[in-house]
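Engineer: The listed protein sequences correspond, in order, to chains R and V. Residue 19 in this note's numbering is what sits at position 19 of the first sequence, and the numbering runs on without skipping anything. Residue 9 in this note's numbering is what sits at position 9 of the second sequence, and the numbering runs on without skipping anything.
Chain R side only, calculated, beta carbon under 10 Å to chain V, not exhaustive:
#	residue
1	N6
2	V7
3	F12
4	Q41
5	C46
6	L67
7	C69
8	G70
9	S71
10	V74
11	T77
12	E85
13	Y86
14	P87
15	G90
Everything labelled a hint here was simulated from the structure, so no lab data went into it. For glycine and all other residues, C-beta sits at the position ideal for the given N, C-alpha and C.
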Amino acid sequence: MSTVVNVEEKLFQNRYKVDHGRPHIAIKKPEICANDCQSQQCTYVCPAACYKAEGNGSVTLITDGCLECGSCRVICTEHTNVAWEYPRGGHGILFKFG
Amino acid sequence: MAEKFDAIVVGAGPSGNAATYTLAKAGLKVLQIERGEYPGSKNVQGAILYSDALEKIIPDFRDDAPLERHIIEQRMWMLDERSFVGTHFRSDDYNKPPYNRYTIIRAQFDKWFSSKVREAGALLICETTVEQLLMDDNKVVGVRCDRMGGDVFADVVILADGVNSTLARKAGFHGELQPKNVALAVKEILFMPEETIQARFNIGEEEGVVIEMMGSVTEGMVGTGFLYTNKDSLTIGVGCLLSDFKANPKKTTPYALLEKLKKHPSIAPLIEGGEMKEYCAHLIPEGGYNAVPKLFGDGWMIAGDSAGFVNAAHREGSNLAMTSGRLAAETVIAAKAAGKEMNAKTLAAYKAALDGSFVMKDLKKYRHLPDVLETSPQFFTTYPELVTRAAQTLFTVDGIDKSTKQREIMGSFKSARKLTGLVGDAFKLWRATR
Numbered sequence: 001m002s003t004v005v006n007v008e009e010k011l012f013q014n015r016y017k018v019d020h021g022r023p024h025i026a027i028k029k030p031e032i033c034a035n036d037c038q039s040q041q042c043t044y045v046c047p048a049a050c051y052k053a054e055g056n057g058s059v060t061l062i063t064d065g066c067l068e069c070g071s072c073r074v075i076c077t078e079h080t081n082v083a084w085e086y087p088r089g090g091h092g093i094l095f096k097f098g
Numbered sequence: 001m002a003e004k005f006d007a008i009v010v011g012a013g014p015s016g017n018a019a020t021y022t023l024a025k026a027g028l029k030v031l032q033i034e035r036g037e038y039p040g041s042k043n044v045q046g047a048i049l050y051s052d053a054l055e056k057i058i059p060d061f062r063d064d065a066p067l068e069r070h071i072i073e074q075r076m077w078m079l080d081e082r083s084f085v086g087t088h089f090r091s092d093d094y095n096k097p098p099y100n101r102y103t104i105i106r107a108q109f110d111k112w113f114s115s116k117v118r119e120a121g122a123l124l125i126c127e128t129t130v131e132q133l134l135m136d137d138n139k140v141v142g143v144r145c146d147r148m149g150g151d152v153f154a155d156v157v158i159l160a161d162g163v164n165s166t167l168a169r170k171a172g173f174h175g176e177l178q179p180k181n182v183a184l185a186v187k188e189i190l191f192m193p194e195e196t197i198q199a200r201f202n203i204g205e206e207e208g209v210v211i212e213m214m215g216s217v218t219e220g221m222v223g224t225g226f227l228y229t230n231k232d233s234l235t236i237g238v239g240c241l242l243s244d245f246k247a248n249p250k251k252t253t254p255y256a257l258l259e260k261l262k263k264h265p266s267i268a269p270l271i272e273g274g275e276m277k278e279y280c281a282h283l284i285p286e287g288g289y290n291a292v293p294k295l296f297g298d299g300w301m302i303a304g305d306s307a308g309f310v311n312a313a314h315r316e317g318s319n320l321a322m323t324s325g326r327l328a329a330e331t332v333i334a335a336k337a338a339g340k341e342m343n344a345k346t347l348a349a350y351k352a353a354l355d356g357s358f359v360m361k362d363l364k365k366y367r368h369l370p371d372v373l374e375t376s377p378q379f380f381t382t383y384p385e386l387v388t389r390a391a392q393t394l395f396t397v398d399g400i401d402k403s404t405k406q407r408e409i410m411g412s413f414k415s416a417r418k419l420t421g422l423v424g425d426a427f428k429l430w431r432a433t434r
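All chains should be modelled from the sequences, with the hints used to inform the complete structure.
Structural biologist: Laid out in C-alpha cells, this is it:
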C-alpha cells in the first residue's frame with residue numbers, strides 16, 4: 001500500500017486503562033524474532049501496530065494500544081513466540097461502543 | 001470466597017448473558033464473571049441483532065433494549081477500484097413490527113442485557129479476569145480469578161469467554177485457533193446527524209440499511225467489507241482471514257485496508273463528515289462445522305464464539321451465541337431437576353440440543369464453505385472485477401453494437417477463468433452451499 005495510515009490517530013479515540021508495568025502480552029524469546037523469523041508478520045498484521053520491526057532486525061512490543069484481538073498469538077505459528085494473556089480485570093481497552 | 005454456586009458463567013457477552021439469565025430465571029444460584037469494567041466494555045460486533053434468538057430468552061426485549069435501527073434493506077456490493085455492481089433487497093414487510101433484525105451498539109446493548117441478568121437474580125462480578133479452571137480429578141469444579149481472593153466453586157462452569165477461548169485452551173480441551181479459521185475484522189464508528197444518514201441511505205426514522213461488500217476492498221484476501229447504519233452513527237469495517245493477512249505479499253495492515261475502503265469512490269460520499277469516535281478490532285471464528293471443538297465435559301460446557309459458533313456465510317453469530325448459551329443453561333436446569341451429576345454423560349444433552357437446533361444444522365450445511373473459499377480467492381477478486389467490468393462494457397454507450405459487447409464480456413470471463421474454471425467454480429459454490 002502506498003498510503004501511510006497513522007493508526008495512532010485512530011487509537012487516540014479509544015479509552016484505555018493501562019496496567020502500567022504489567023504488559024499482558026510478551027515476546028517469549030526476542031532472539032527468535034530477530035534471528036529465526038523471516039516474515040515478522042506481527043509487525044503488519046497487528047491492528048494496533050503494537051509490534052515494531054526495528055532497524056537492527058529485532059521486534060519490539062508495546063501493548064498500551066492493544067485491542068485484545070489475539071491475532072499476534074494466532075499468526076505466530078512457526079515459532080509460537082507470543083505469551084498472551086488477557087489484562088488483569090478492569091484493565092486494557094474499554095470499548096465505549098464496541 | 002468459599003461459597004459454592006450451582007453454576008459459574010465466564011463472560012458477559014451474548015452467550016454468557018443468555019446462559020446466566022436463563023439459569024437465574026429458573027432460580028439457580030449463579031455467578032457470572034466479566035473481565036471488563038462493565039459488560040460490553042470488551043465486546044466487539046458489527047453489530048446486527050437478530051430478534052428471534054433474543055425473543056426466545058426475553059420476549060419483550062423491544063420494550064427497553066437499546067436498539068438503533070431496524071433493517072429494511074440489505075445491499076450486497078461487488079467492487080473494483082472505481083465502481084460497484086450491487087443487488088439490493090428492500091421490503092416494506094421489514095417495516096412492520098415485530099422487526100426481524102436491528103443494528104445495535106454492543107457496549108450499550110450488553111449493559112442492558114446485563115441489567116436483565118441481574119434483575120433475574122444472578123450475581124455479576126466485573127473487572128475480574130478468570131485465570132484458569134480449577135480441576136479435581138479431570139472434572140471442572142470452579143475457576144481461579146485474579147481478584148476477590150481467588151477460587152470460586154460450582155457444580156458446572158459455562159465458558160462464554162469469547163473467540164480466544166483462553167480457558168478451554170489452557171485446560172487442554174482444544175488447541176490453538178488456526179489462522180485460516182479466524183477472520184480479523186477492524187471497524188470504526190462514525191457519528192453524524194440522523195437526518196444526514198436518512199437522506200444518504202434513502203430511509204426514514206428508525207429504518208436502517210446494511211451493506212456487505214466484496215471485491216477489490218480486500219486486495220485478493222478472503223473477506224468482506226461492511227457498512228451499517230446506526231441511529232446517529234455509521235459503522236464501517238473490513239475483515240479478512242487471518243491466514244490471508246499473514247500471507248499477503250503486500251503486507252497490508254488492517255487499518256490501511258480500512259482507510260482504503262473508506263476512500264472508495266462509491267463509499268466515501270456515504271460516510272463523508274462522519275466523526276470517528278472509536279476504532280475496534282476483533283477475531284471472528286469462521287472455521288465453521290469442522291472447527292467446532294469439544295463442547296462439553298465433566299463439569300463444563302462451552303458456548304458462543306469460544307465454541308466457534310459463527311455462520312460466516314450469513315454473517316450470523318450473536319444469535320448462535322445466545323441460542324447456545326440458552327441451551328447450555330437449559331441443560332443444567334434439566335440435570336439439576338433430575339438430580340443428576342454435572343458430568344460429561346449428563347451434559348451430552350447440550351450437544352444433542354445444539355444438533356437439533358439451527359446452530360449446528362446451519363454450520364453443518366455450510367461445512368465445506370470455509371475450505372472452498374480459502375482455496376478459491378477468485379470469488380473475492382476475479383469475479384467482482386469481471387462483473388463490474390461487464391456492467392461497464394454493457395452500459396457504456398459508445399457506438400459499439402451490443403452483440404460485440406456481449407462477445408467481449410463472454411471473452412473476458414473465459415480468458416480469466418477458462419470454461420473449465422467457470423464450471424468448476426459453479427460446482428464448488430453449489431457443493432459448499434447446497
